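Q: Using the sequences plus the hints, can you model the full thing?
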Amino acid sequence: LCQRQLKAQQQRGPASQELSSLKTENANASLLPEDGEKAAWPEEQTDSARFPQGQEEEEQLRDAGQAGTASISQDIEIQVKRKELELKEQLDALRREHTEALQELQGAHEQEKLLLTESHHRSEAALQETIQALNSQLKSFQERMKRVEESLLRTDYKKHIEEHGSPSPFWEQELESLHFVIEMKNEHIHGLDKKLLHLETVEERNLLLEERVKTLQQENEDLQVRTQNHLVMARQLSEELQAARGALEKEAQLLDQARREKEELLYRVLNAGDGTPFPVAAGEVPLIAT
Numbered sequence: 001l002c003q004r005q006l007k008a009q010q011q012r013g014p015a016s017q018e019l020s021s022l023k024t025e026n027a028n029a030s031l032l033p034e035d036g037e038k039a040a041w042p043e044e045q046t047d048s049a050r051f052p053q054g055q056e057e058e059e060q061l062r063d064a065g066q067a068g069t070a071s072i073s074q075d076i077e078i079q080v081k082r083k084e085l086e087l088k089e090q091l092d093a094l095r096r097e098h099t100e101a102l103q104e105l106q107g108a109h110e111q112e113k114l115l116l117t118e119s120h121h122r123s124e125a126a127l128q129e130t131i132q133a134l135n136s137q138l139k140s141f142q143e144r145m146k147r148v149e150e151s152l153l154r155t156d157y158k159k160h161i162e163e164h165g166s167p168s169p170f171w172e173q174e175l176e177s178l179h180f181v182i183e184m185k186n187e188h189i190h191g192l193d194k195k196l197l198h199l200e201t202v203e204e205r206n207l208l209l210e211e212r213v214k215t216l217q218q219e220n221e222d223l224q225v226r227t228q229n230h231l232v233m234a235r236q237l238s239e240e241l242q243a244a245r246g247a248l249e250k251e252a253q254l255l256d257q258a259r260r261e262k263e264e265l266l267y268r269v270l271n272a273g274d275g276t277p278f279p280v281a282a283g284e285v286p287l288i289a290t
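1 is the number of the first residue of the sequence shown in UniProt numbering; add one for each residue after it.
Be careful, since some hints might not be right.
[Claimed, not checked] As a list, the in silico DSS-like pairs of lysine-lysine whose alpha-carbon atoms are at most 25 Å apart: (1) Lys194 / Lys139; (2) Lys139 / Lys195; (3) Lys88 / Lys250.
[Claimed, not checked] Between beta-carbon pairs, the in silico distance windows are: (4) His188 / Glu124: 18 to 28 Å; (5) Thr117 / Leu223: 30 to 40 Å; (6) Leu115 / Arg82: 48 to 58 Å; (7) His190 / Leu116: 27 to 37 Å.
Please keep in mind that the hints were generated in silico from the structure rather than gathered at the bench.
If you're wondering where the values come from, they're calculated on a predicted model, not measured in any experiment.
Where is the CB? At the ideal position from N, CA and C, for every residue including glycine.
A: Written as structure tokens, this is what we have:
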């Protein structure tokens, strides 16, 4: 506070020097011995002549102090606005970085999803071709088995005719039962082949989905960490902005108190002999004990 008062006195310039010289002359005059009424009468005339000059100097000093205070307040306001602008730019930059990172991750996710979809379609087409090939092989195998069975049945049937004559109703029933059993087994084998192919396809698809889920979970965790870091930085910037505002407001209050103390000191110096108390405006309370 004392340093600020000294700086304020240095900024006042010539007016402060005149006040100091006036104080020195008053002090020297008070130290001289009284020489009677003849010596006191010229001194009273001198004081009367200097009183208007002292009022004019007081007004000049008050105007200079108010101008200095206004300039300091304006500088503080400019500093506050500049600090707010810097913090706002930093916060906007963090938000832009967060948005760009999020868009980049979303773009990568969409691209990877598209690649997986295309890969799935290709795999599905390949599996379909494999199924068709297996079905063709199965059909060929069934035809060969049917030819073999028909050949065996025909051989046995011819042998039976040669040995026993025309077929009996028993053999006809047995042949029908055998054909039914063979058809049932073929259908069962065909159903098992379909289930096996379906299970293989489902297993491959599940493996791909599990890998994709793990990748997405990792990307989501990374995105959450980056988002949390951005929020922490934004919170720190907001706290720094509030602290800077508080410090600047406190400094402005201290400067205002220094101005009031300067005016009070000037008033007491110029009105030392009157004993009139310094007028204090309502609501003005000193922030620091003097």
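Q: If a hint holds in the structure, say so; if it does not, say that too.
A: Each hint, compared with the structure:
Among the hinted pairs, Lys194 with Lys139 is consistent with the structure: their alpha-carbon atoms are about 13 Å apart, no more than 25 Å. A threshold of 25 Å between alpha carbons decides the hint, and for Lys139 with Lys195 the separation of about 17 Å falls inside it, so the pair holds. Among the hinted pairs, Lys88 with Lys250 is consistent with the structure: their alpha-carbon atoms are about 22 Å apart, no more than 25 Å. Between His188 and Glu124 the beta carbon distance is about 26 Å. The supplied range of 18 to 28 Å therefore holds.
Our hint of 30 to 40 Å for Thr117 and Leu223 is violated, since their Cβ atoms are close to 22 Å apart. Restraint check, Leu115 to Arg82: a C-beta distance of roughly 49 Å satisfies the suggested window 48 to 58 Å. In this structure the hint that His190 and Leu116 lie 27 to 37 Å apart at CB holds, the actual value being about 32 Å.
Of the numbered hints stated above, the single one contradicted by the structure is hint 5.
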